[in-house]
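Chemist: Start from the sequences and build out the full structure, keeping to the hints where you can.
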Amino acid sequence: KNEVEQSPQNLTAQEGEFITINCSYSVGISALHWLQQHPGGGIVSLFMLSSGKKKHGRLIATINIQEKHSSLHITASHPRDSAVYICAVDSSGGSNYKLTFGKGTLLTVNP
Amino acid sequence: DVKVTQSSRYLVKRTGEKVFLECVQDMDHENMFWYRQDPGLGLRLIYFSYDVKMKEKGDIPEGYSVSREKKERFSLILESASTNQTSMYLCASSSDRGHSGNTIYFGEGSWLTVV
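Sequence lines, in order, name chains A and B. Residue numbering for the first sequence follows my numbering, starting at 6 and increasing by one per position. Residue numbering for the second sequence follows my numbering, starting at 72 and increasing by one per position.
Read the hints as simulated data drawn from the structure, not as lab findings. Treat the hints with care, as some may be off.
[Claimed, not checked] Some chain A residues flagged as far from chain B (calculated, every beta-carbon gap over 10 Å):
#1 21
#2 27
#3 31
#4 60
#5 81
#6 114
[As the list claims (entries may be wrong)] Partial list, computed: chain A residues near chain B (C-beta under 8 Å):
#7 50
#8 95
#9 99
[To be verified] Ranges of calculated distance between the beta carbons of each label pair, as one might list FRET restraints:
#10 A:74 with B:86: 42 to 48 Å
#11 B:154 with A:25: 35 to 41 Å
#12 A:17 with B:128: 38 to 44 Å
#13 A:60 with B:78: 34 to 40 Å
No residue lacks a Cβ here, since even glycine has one placed at the ideal position from N, Cα and C.
Modeler: Printed below as a string of C-alpha cells:
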C-alpha cells in the first residue's frame, strides 16, 4: 500500500508570501493529484500530473518521479487561498480506483 | 462546466434508519466513487463503480451498499444507520480514458449525522 506524507500539516503565511507544500509517497504511481478543500466540504481538483510541471495562474505543481516527491507552490498568496490542500496518488494505472490520500495541509493566509 | 451533484447537503437520521445518498454527474464518466471523510483519518474509499451495474468494494465497505442503474447516477445506501456512520460523504467521478491519469471531480459533500 502506498504511504503518502504531506508537510507541513499546518502553515500560516502573510498575504503575498510564496508558499510551498510538499508530498512524498512510497510506491511508484501513475499520477498524482493536488486537491483543494475549503471549509464547508467541497473538494476541487487543482492539478493532475504524471511528470514534470504544471502551472495555473498563481499555482505551480511539480513532480519528481525518481524521488517520489511532489510540491505545490502558491505565488503571491492571498487570503482566499486559505484552505486544506490534499495530495493524492493513483497506483491503479490512471483509473483512480486506488487513490491514496495524504492527511492534508491546512493553509491560513492572513491579510 | 463539469458537475458532480449530491442530492442532500445536510441530513440527520435516526439509528436504524435506511439512508440513501444520491450522486449525479453530467460528464459521461465511467468511474464513480463514494468516500467518507473523518477528522484525522482523511478520505477513505467506501465503494466505486467502473460501469453501469458494476461495483467494487473499497477500503471500508462494511455497513454500506451501492447502486448504479444508470451511468450518471451512483447511490450510496446505509441499510441500517449507526452513530459511527456520522461523517461527511463525498461522491466523485472520473473518466477512464487517460493512460497517464484522469482528473477526478468531487461533489460538494453530504454531512450525515446519525442520532
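Chemist: Now tell me if each hint is right for this structure.
Modeler: The hints, checked one at a time:
no. : hint                        : verdict
1   : 21                          : 29 Å, holds
2   : 27                          : 16 Å, holds
3   : 31                          : 16 Å, holds
4   : 60                          : 16 Å, holds
5   : 81                          : 25 Å, holds
6   : 114                         : 22 Å, holds
7   : 50                          : 5 Å, holds
8   : 95                          : 6 Å, holds
9   : 99                          : 5 Å, holds
10  : A:74 with B:86: 42 to 48 Å  : 45 Å, holds
11  : B:154 with A:25: 35 to 41 Å : 40 Å, holds
12  : A:17 with B:128: 38 to 44 Å : 40 Å, holds
13  : A:60 with B:78: 34 to 40 Å  : 36 Å, holds
Hint compliance for this structure: every hint is met.
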